[in-house]
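Asks: What follows is the residue order along each chain.
4 protein chains.
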Amino acid sequence: MTITPPELSIFESLESEVRSYCRGWPAVFDRAQGSRLYDEDGHSYLDFFSGAGALNYGHNNPVLKRALLDYLERDGITHGLDMSTTAKRRFLSSFQEVVLAPRGLDYKVMFPGPTGTNAVEAALKLARKVKGREAIVSFTNAFHGMSLGSLAVTGNAFKRAGAGIPLVHGTPMPFDHYLDGRVPDFLWFERLLEDSGSGLNQPAAVIVETIQGEGGINVARPEWLRGLAELCRRRDMLLIVDDIQMGCGRTGPFFSFEEAGIVPDIVTLSKSIGGYGMPMSLTLFKPELDIWEPGEHNGTFRGNNPAFVTATAALEAYWADGQMEKQTVARGEQVEAALREIAAEHPRSGATYRGRGLVWGLEFTDPARAGAVCRRAFELGLLLETSGPESEVVKLLPALTVSPDELDEGLRTLARAVRDTA
Amino acid sequence: MTITPPELSIFESLESEVRSYCRGWPAVFDRAQGSRLYDEDGHSYLDFFSGAGALNYGHNNPVLKRALLDYLERDGITHGLDMSTTAKRRFLSSFQEVVLAPRGLDYKVMFPGPTGTNAVEAALKLARKVKGREAIVSFTNAFHGMSLGSLAVTGNAFKRAGAGIPLVHGTPMPFDHYLDGRVPDFLWFERLLEDSGSGLNQPAAVIVETIQGEGGINVARPEWLRGLAELCRRRDMLLIVDDIQMGCGRTGPFFSFEEAGIVPDIVTLSKSIGGYGMPMSLTLFKPELDIWEPGEHNGTFRGNNPAFVTATAALEAYWADGQMEKQTVARGEQVEAALREIAAEHPRSGATYRGRGLVWGLEFTDPARAGAVCRRAFELGLLLETSGPESEVVKLLPALTVSPDELDEGLRTLARAVRDTA
Amino acid sequence: MTITPPELSIFESLESEVRSYCRGWPAVFDRAQGSRLYDEDGHSYLDFFSGAGALNYGHNNPVLKRALLDYLERDGITHGLDMSTTAKRRFLSSFQEVVLAPRGLDYKVMFPGPTGTNAVEAALKLARKVKGREAIVSFTNAFHGMSLGSLAVTGNAFKRAGAGIPLVHGTPMPFDHYLDGRVPDFLWFERLLEDSGSGLNQPAAVIVETIQGEGGINVARPEWLRGLAELCRRRDMLLIVDDIQMGCGRTGPFFSFEEAGIVPDIVTLSKSIGGYGMPMSLTLFKPELDIWEPGEHNGTFRGNNPAFVTATAALEAYWADGQMEKQTVARGEQVEAALREIAAEHPRSGATYRGRGLVWGLEFTDPARAGAVCRRAFELGLLLETSGPESEVVKLLPALTVSPDELDEGLRTLARAVRDTA
Amino acid sequence: MTITPPELSIFESLESEVRSYCRGWPAVFDRAQGSRLYDEDGHSYLDFFSGAGALNYGHNNPVLKRALLDYLERDGITHGLDMSTTAKRRFLSSFQEVVLAPRGLDYKVMFPGPTGTNAVEAALKLARKVKGREAIVSFTNAFHGMSLGSLAVTGNAFKRAGAGIPLVHGTPMPFDHYLDGRVPDFLWFERLLEDSGSGLNQPAAVIVETIQGEGGINVARPEWLRGLAELCRRRDMLLIVDDIQMGCGRTGPFFSFEEAGIVPDIVTLSKSIGGYGMPMSLTLFKPELDIWEPGEHNGTFRGNNPAFVTATAALEAYWADGQMEKQTVARGEQVEAALREIAAEHPRSGATYRGRGLVWGLEFTDPARAGAVCRRAFELGLLLETSGPESEVVKLLPALTVSPDELDEGLRTLARAVRDTA
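Chains as they are written, first to last, in the numbering used here: chain A, 264 to 685; chain B, 264 to 685; chain C, 264 to 685; chain D, 264 to 685.
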C-alpha cells in the first residue's frame, strides 16, 4: 500500500502539540465499519486498537447504529443530565437484567460523567467519604486517568509530571509479578498495614486493574486478585476494580474480575459501555456505600442519552446469553497461538507474550522494537499501539466482533512487521 | 396540566442517591424538540434550562440533526481519540474561520476530553507547567467542575466536602460586586500580590467566569474584567476564562469575554460547543503557551467525532454572520423587561434580577422562594433551575433559538409561579 | 569607636551560608550584662534588639543568674523530658499564682518543646484535632516559625520558598490597618465565612500576633482584636494568639492581649518565658481543649529544667506586682517621644513610627534607609535590626530592664544614625 | 525501696494530658549526678534512659559543669541567635579539629534551632531545595520528630494522627530486616526507582537512622547502609542520616554511620551534642549543598551559647582520642553478655536482644511484658523505657560514662525485673 502524504496542515498549525496518536498514524481517517478504518484517500486499515478499548463491538456496529439512528430520528432526549428519561430507564433495566442479576451482583449505579476519569474520581471520592480517610493504594504501572484525583493513582511519571503539583495521598504497591515472584504476594503491603509504625497512612481503598492495559498488558492471576480482595476485607479497605478498559467483555466475561470470583466494593466502567464509542461511564458500588447526598458529585454530560441507547442495544444484542464470552475466549486462543509462533520465530528478540480474552501484549527486550513494529504494521495497513512504561509492549486490542479471518490477517501482518524490523 | 405519577421505580431502586435533577422534576422525559421536552405521558414542558447551558441551539436542532444523521449513516468515524479525521479537520477549519479569525484571536486548540472539567483540568495543568507554580486564584462562588483539580477552585462548600481530601493550592478572591462596592476592585488581591510578606503563594494563574452561572448569575462588569486582565498581565499570572457555560453565545457574542475586550491566555469551552448536547470540550491557549509534550494529557473520548460534526454545523449555521448575537441581545431585552415587571409586582419579595444576553437570574430575599417558584413552574410546564450558594436564585437559561412567543410564554409562566408562591 | 576586623575565618569557612545576623554585625561577641554586649576586643554595644525578644530581662540578669547557678551547682535536674521535677513544679506553681490566677485565666499548660515553632506546631495540631478541620487562617505579614506547620501560616515569601514544598492549609486575611482603613474590619473574612459558596475551607482556627514583630511592628488595635475574638466565637473557630515575641511583658502587661480584654482559646509563649535566653516554650489552652493523648506530641528538650528555674525567678522577681508593667509603659513613652522628634526632624524621609510598651518600629519610605540606619547604628555601638517584608522598618526592642539613661543614650544614637544616613 | 506517693497535684491539675514519662515514673525528681537521679524524697534511681539519649555523658557531668559555671559566672553570651560569639567559635574549631578533620569529613555546619526536629526540618528543606523535588523516602518505624515536616517521615501512626492534616510527600520503604530476610535488600525500592511507571514520585532524599531508637532498636547492618548509600548515589537522591539519637558516640564511634564507612550527604545531630542535656542541634552537609540564602531558615534559639560551651567541653574531654569509643564497645559487650543470659533464662518469653555500643533492645513476644518489666524496674530503682510500635522492646540507653559496676547493677536489676514479671 502506498500512502501519499495527507493534508495535515490545519492539525499542525491549529491543534496543540499535545496531540499524539495522529503522529504515529499520519493519515486522515474518514469512515469505519467493524474492524476496518478508511482514510480520506480510500486506504483501508485493519484495527487492532479499537479506540483504546472503547470499540469492543467494532466501528459503527450495525445493530447499535440502527438503534441510535432510530432514537435520533424520533428526537429522543439527547442531553439529559440526571433527569429521568425513557432511554436511561431502558438502560438501567437492561443492565440490571442482563449484567447484574445473572451474576448475582447487587450494585447501585451512578452516572458520574461520561469519561473514565469521571468514574474514577467519583469512586475515589466515595471511598474517602465512606471511610473518612484520604489515602489510596494503587499499583505499579496503574493507569486510571488524567484529572488530578485519577492521576494521583496513576503510575506513569511523564503523565504525573503534567500535573504541575505534587501528587499526593496515593502509595504504589507491587502489582502481580512485579518482583518476578521473588517475594510472596502482599508480603510488603500486609506488613505495612499490620505495623502501626510503618508510616503508611491507613488507606480508604485499593484501586486495581485486573489487567493493566496502559501499563503493559500486565495480567494479574486470579489467585492474586483473590488475595487482594481478602486483604482488603481483613484490613478494612474498600476494593475498587477499575474495569474501564478490561470490562465489557474484553477479557471474556462481562466484568474482568469474574474469573477470579471476587466482588469488588466499587467498579468503574467506561470506554465500551456505551457500545458505539460515545462517551459514557458508570461507577457501581455496593448499596451500603451509597451515602452520597443528591448532587454531591455531578457533571453536565452524565446523561448522554444516545450512549444509553447504544449501550442498551449492545447489552441486549451481545450479553443476553453466554455466546460473546465463549467467542472471545476462542478468538483469544487464536491470538495466543499466533503470538507463540512469533515468539518462537524470534528467539533473539526476547519476545514474550501475555494476555487473556482479546487483550494481548507482545513485549520485546529492546523497547524500541515495539515502536518499530507498530510503525511497520501501520505501513502494512494494521493499527497497533504500544503500551508499558517504556512503550516496550505491542498491544493487541481487536474488536470482540472481529472475524477469525480478520484476526488471522492482522496476526499475519503483525508477524511480518516483527520480521521486517528484525 | 395534570401529571400522573411516573414509573420511577428502577431509578429509585438502582440509581445512586447522588441523582439530583430527577428529584425536582419527577417526570420521565422521552423526546424533545427545540425548546420543548415531552415526557412519556405526552406532557410538554417549555425548557428554560437548556441542559444547564449545553443546549444553546435547542433540543435536536434540525440543522445539526441532519448533519449528524448523515455522518452516522455514512459510517463516519465515531470515536477517534486524537487521530486526525476529516470531521475534526472540518471542525478545526470552521472554528478557525468562523470563530477565531474574525475576532483576531490566535489560539491553539486542545481537545482535552469531552467534558468541562477535563478542559479545566487541562487548563490548570498547563498554567502550572508554564509558570512552574502550584497556586491558582479563583473567585467566590466559582464553579469549575467536579474532578479534584477543578473542584479545588470551585467555591461550593457542599461539593468541596465531597472530595474527601482537603482541597489545596487554590485561594478565593472576591468576585465583582461581592463586597457590594464597599471595596475598590482588586484592592485586596493586589495588596497580597505586591506584598512579599502577604502569605499568598504566587499564583500561576487566575481562573474566572465572566458570569457565574452556578454561583448565582453573578455578572462581572466589563471594567472589572479588564482590571483583572490588567492585573494578571502586571503580576505575571495567566488569565483563564472558563467560558464553559457562558461561551458559545450565551451572553450574546460567541465568547462571553468579547464585550470586555480582553484576550485571556487560556479559554475553556464545553457544554454548547458540540451544539447537540453531546460531550465535547476545548481548551484554547495562546501559541506561546503550547509547551505540552505529545500525550502529556490525554483521554479516551477526546475525539468524539459526532460532536465535531454537530459543532461544525452549529458554527456554520449560526456564527458565520452576526445574526445570532443580535438576536440574543434582543431576546435578552425581552427577558429583562419581563423580570423588571415581576420585580415591580412583588416589592416585598425583595426580588432582584440580573443577567446579560440569554442568561438571567431572579433572586429572592427568602432563599426558599426560588425553589418554590421552580417547583410551581414545573407544575405549570416550565423547566427552571435554581442557582447560588443557597439556591436563592431562579436561573433563566432558554435556548438561544427560542422564539419570542416561547419566551413570552415562559416568562408569563414564571410570573404566574412567582405570584402563586407569594 | 574604631573596630578592627574580627577573626571570622572559621565562621566563614565552616558555618553554613544560612547564617545571617553575624553578617550585619561583624563582631565576635564575648560577654554581656543587662543592656550591654561586649565583643572580644572589648568594644561595648548597647542592645536594642534583645535576642529578638528573648532577653526581656536583659543579658545575664543577676537575679536569674543567681538562681541558675545555685541550681546547676546543686546538680538540679538539667534535662527532664516530661518527667515531674521539683523545678517544673515550682515553675508551674509560680506561673499559676503569678500569671494565670491574678488574670482569671484558666489554662492548661503544655511543654511542647523548647522553641517557639514547637509551641505553634502544637497549637495548630491541637486546634485541628479539636475541630476536625485542616484549614487555618493567618494574617498578612505574620511570622510563626520555620518548621513546616508554622511556616505554612507565616507570610514571608522568601522564607516560605525555603520549604521546598507548596505550603497549604493556610489562608491569609488582612491584618489590622492592612488596607489603610479603606475596608471595614473583617468585611472580607466574614463574607467568606458566611457564604457557603465562598471557597474558603472552614478554618479550625485563626492564629494572630497582637503586634507583628517580624512583619514590621504592625500594631493591632484592641477593638480589632476584640472583633476578631468575637468573629471566632461566632463562627466556631479557635483563636490562637501567638504571644511568643509580644508576651512576657513586651507590650506592658504580661500577655499582650490583656489590653484588648480578650481570652484566646490557645496561647503560645516562648522567647522570654525562660527569662535568661535559654530555650523554653509553652502552649496554653482552655481546659476543655485538652484532648491530647499522653505522648501524642513530644520532644526531647521539652523539659529544659534550667530554663524552668530562670523562668520561675523571672516571674517571682518581676511579675508578683504591677511594677514591671507600669515601668514598661513609662519607658515606652520615652521611646515614643524620641521617635516623634526623629520623624519631625526628617519630614522628607517619610518616617513614621508605631508601637506599644517597649516594642517600636520606625519606618522609612525608602526601604533601604532602614538598613542603612541599622548599619550606622552598629558603627555607633547600638544593635538594632530591621523588620517588615522589605526590611523597611527599624525595630526597637530594648530590654524591659533598660534604664532611662540607657534608653536615652540609645535613642540619641538612633537619632544620629538617622541623621547620618540622610 | 518504699516510695511514698509524691505530691503531684499541680502536674495533674495544670499540666496538659499530653504529659507522658511522668505517668510511668510517678516520682518528682530533684537532682542527678552521673548515672543517678534522686527524687525529692531522697530515693535514688539508676538511669538506663539518659534523657532519651540526650545525656550520653551522664547527668551534670563535672567536667562540663565546670565549663558551664565558669561561662555563666563570667557573663558569657547566653543567647546569641546566629551572631558570632567566642563560644560559638570555640565550638566550631573543636568540632572541626576533634570530629570532622580526623574522620576526613568535609561538612558545612548549620545551627538550625536547638532541637532535633529543627535539624530534620532544615535537612529536608535543603534536600528539596537542592534537588527541586518534594518527595522524601523514609523507613518503616522511623522517628524523626514532631513538627509537620519531620512527622511526615515518621512511622508511628499514633503520632502521625496528631498532625490533624494528612501527612504527605513521604513514602516508607522497608528498613533492614523488616521483611525477615525474605526479600533482597532494596529490591522493591530499586524497582520503583528504575521503573518510570511505578508511581513513586522521584525522591529528593532518603532519610535514615542507622539504628532506630524509638522504632524498637532496629539495627541496620553496615552492608545494608552501604547498599543504601550506593543506591542513593546511583539514583540521584541525597542520603540524610538522622544521627540525633545514635550519634555522639552512642554506638561507639562519634557518628553511628562510621562503622559502615559511608559518608552521608546530610547529617543531623542533636540530643547529646550539647553534652549537658541543654537544647542544641546541628545540620551538617557537604559544601556543594550549601545553597542556603542568608536567613532562609532561622530560629530564635539557634545560638544557645551555654550549650556550645558544654558541647565544646564534651568534645575536648571525650573525643580528642579514641578512648571513649573503645570504652563504649567494651561496655556494650558487658550489656550483651547480660542480655544473652536473660534471654537464655527465659526461653518461653521469646526474648530476643539486639544493639551495638551502648544502645540495646530486649524484645518480648508478648508486648505487654516489656511495659511490665519497665514498671517493675522502676520499683526496683532503675529507669528504663520501652520502644517499638507496640512498646514491645525494653530499651537500654545507659550513659556512655556509666561505670562497669553501675552497669552490672542495672543489668542485675533488669534480670530481676524480667524474672519478677514472668
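The set of hints was computed from the structure by calculation and includes no laboratory data. Accuracy of the hints is not assured; some may be wrong.
One copy or two, it doesn't matter: identical chains are merged, so the pair holds either way.
Subject to a maximum C-alpha distance of 30 Å in a straight line, what follows is the list of computed DSSO-like cross-link-like pairs (lysine-lysine) [to be verified]:
1. 328 - 549
2. 589 - 394
3. 328 - 371
4. 422 - 394
5. 589 - 392
Asks: Each of the hints needs a verdict: does it hold here or not?
Replies: Comparing the hints with the structure gives:
1. 328 - 549: So residue 328 and residue 549 fail the 30 Å test inside a copy (33 Å) and across (39 Å) alike.
2. 589 - 394: Result: close neither inside a copy nor across copies, 39 Å intra and 53 Å inter.
3. 328 - 371: within (28 Å within a copy, 34 Å between copies)
4. 422 - 394: both (28 Å within a copy, 18 Å between copies)
5. 589 - 392: neither (39 Å within a copy, 48 Å between copies)
Checked against the numbered hints above, the structure violates hints 1, 2 and 5; every other hint is satisfied.
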